[in-house]
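Take a look at the letters that make up each chain.
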Amino acid sequence: MRLRGALAAVFALALSAAASAEEWSERDLRLLASLRLDRTLPPSPSNRVADDPRAAALGRRIFFDPGFGAAGKTTCATCHQPALHWSDGRARSVMPAGRNAPSVVGSAFGSWFTWDGRRDSIWAQALVPFEAPDEIGASRTGVVRRIASDSRYRADYEAIFGPLAADLLGPDLPRRAGPLGDEAARRAWQRIPQARRDRIDRAFSNVGKALEAYERTLLPGDSRFDRYVDALRAGRRDAAELDAREIAGLRLFIDPARTQCLQCHNGPQLTNGGFHNLGTGTFDGPALDFGRALGIQAVLLDVFNCAGPYSDAQPGDCRELRFLSRDAHVPLEGAFKTPTLRDVAKTAPYFHDGRFATLRDVLDYYNSPPQNDSHELRALGLSDRELGDLERFLRALSGAEPTP
Amino acid sequence: MKRAHATIGRCALALGSAAVLACARAPAPPAERAWGGPSAEPGWGGRAVSDSGRLVGRIYPESGDRIEIGRFQSWVVELREAGGADVIGAAIAIAGGMPGHGHGLPTQPRVTEELGGGRYRIEGVKLNMVGAWVIEVFVETPALRDRLRFDLAVDY
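Chains as they are written, first to last, in the working numbering: chain A, 39 to 442; chain B, 1494 to 1649.
If you're looking for bench data, these hints aren't it; they were derived computationally from the structure. Not one of these hints is a red herring.
Examples of chain A residues toward chain B, derived with CB under 7 Å:
#, residue
1, Arg68
2, Leu69
3, Gly305
4, Gly312
The structure displayed is predicted, hence computed values, not measured ones. Idealized CB from N, CA, C, for every residue including glycine.
Use the sequences and the hints to build the structure in full.
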């Protein structure tokens, strides 16, 4: 009797383990396959050196070089630290109205950059911190002067982009001039003739393009979830890459009746790249932030956008801009970009303003969002254990770190 | 594609607009689907009768029969009068969204070319999730002003 009971228990255990893999329907398997990581880089039509290894090497040096900043210490890596999955661990990188620094890993798969999509390429985005007084705090001419005056920078730059214009090489190029700097810098910029400003902008944009070439090499690694999908696709019924609670979390993640995760976190990068209103916009006070509603206007005005004079795109390439929904309608007020969930366990705190310290805080918000109709969320009613399962699944989305 | 198109025409000619509606909503036989991302077979709901009943339309991806999620795709909208004549030289505007989620289209698609035979190329479609999408096609010619509402069920 006792033996028979033990055998039955073993049999039941084996059955439940097998069932967890076998219960995926054909539709589930198609869905899971659509979420599997794909590292095939999309083209970057506005940047002809996006996949040039020489440009990536130049970009790498610039990324970590403290010599550009006014204070001589801030670099791209200040907010995108390799040890913190290329984010900075702070709620906001700049107080009080700055935003949370997202990881740059996998940014090559995005179409819009920064939380409100105010830039449409990595290279256009990478130029912004140079001129932001609270970030690198250099100036447009300051960046070009550093490239022109450092013999190694100049040689590497000219091998990729061709010779720097003669009037960018001399000491008469203002140390601090640009259209976005402080008042003195802006006045100095206005005194520069338009044709020379254009040559400065050209060289400045090339610095961004080298940075993009580097950032395109920083790719996410396969996670246990990806290996689980591979095992299912190979027909393995004993796929053990995820444990039972992680699988329970995955089932919740893809269940449209229980959660809404897949609406925004879909595709191989686990983001739809879009902008969604989760009720987190801030419409008064020092941290005012309208999100996408103003991001649309900003990208259309950006001289470094895909359709601008410094873009390498052919007419017709800039589909995101051509087919941009320009209507800054109410749902986009307070809408922010959907971040990837890949490596999400490494990039706390969360949301555009870092308002949530932990993954569990985020899940609690989704479970019980504000009770009003100003956002896209509905209450989920998940149990404490179910939220724990979802968190465990999210933690199974981490892969190996890219080499700096 | 051609066969389905002919079916719409026959329904329209033989039975009039009320029957066209039924034809348009008749489920298509399931097709073989490859392993992979979101897809939609021909007959996934991409047919509609206009508000006035004067036009019948189909909408479908220009190449292949899959609606892609997260990628730009060109579609074709095909418009006929209920009597079978092609709608030519129309001005067309596209709108839509997901009524169930309270948001519009993530991009602003546009008709970029009239292809002949009542067909028009729509560029700039980039849906960002599966589910129930609505595409509205506003049509204007010297002879008519009308709207077709396509209900698309996009799934994995």
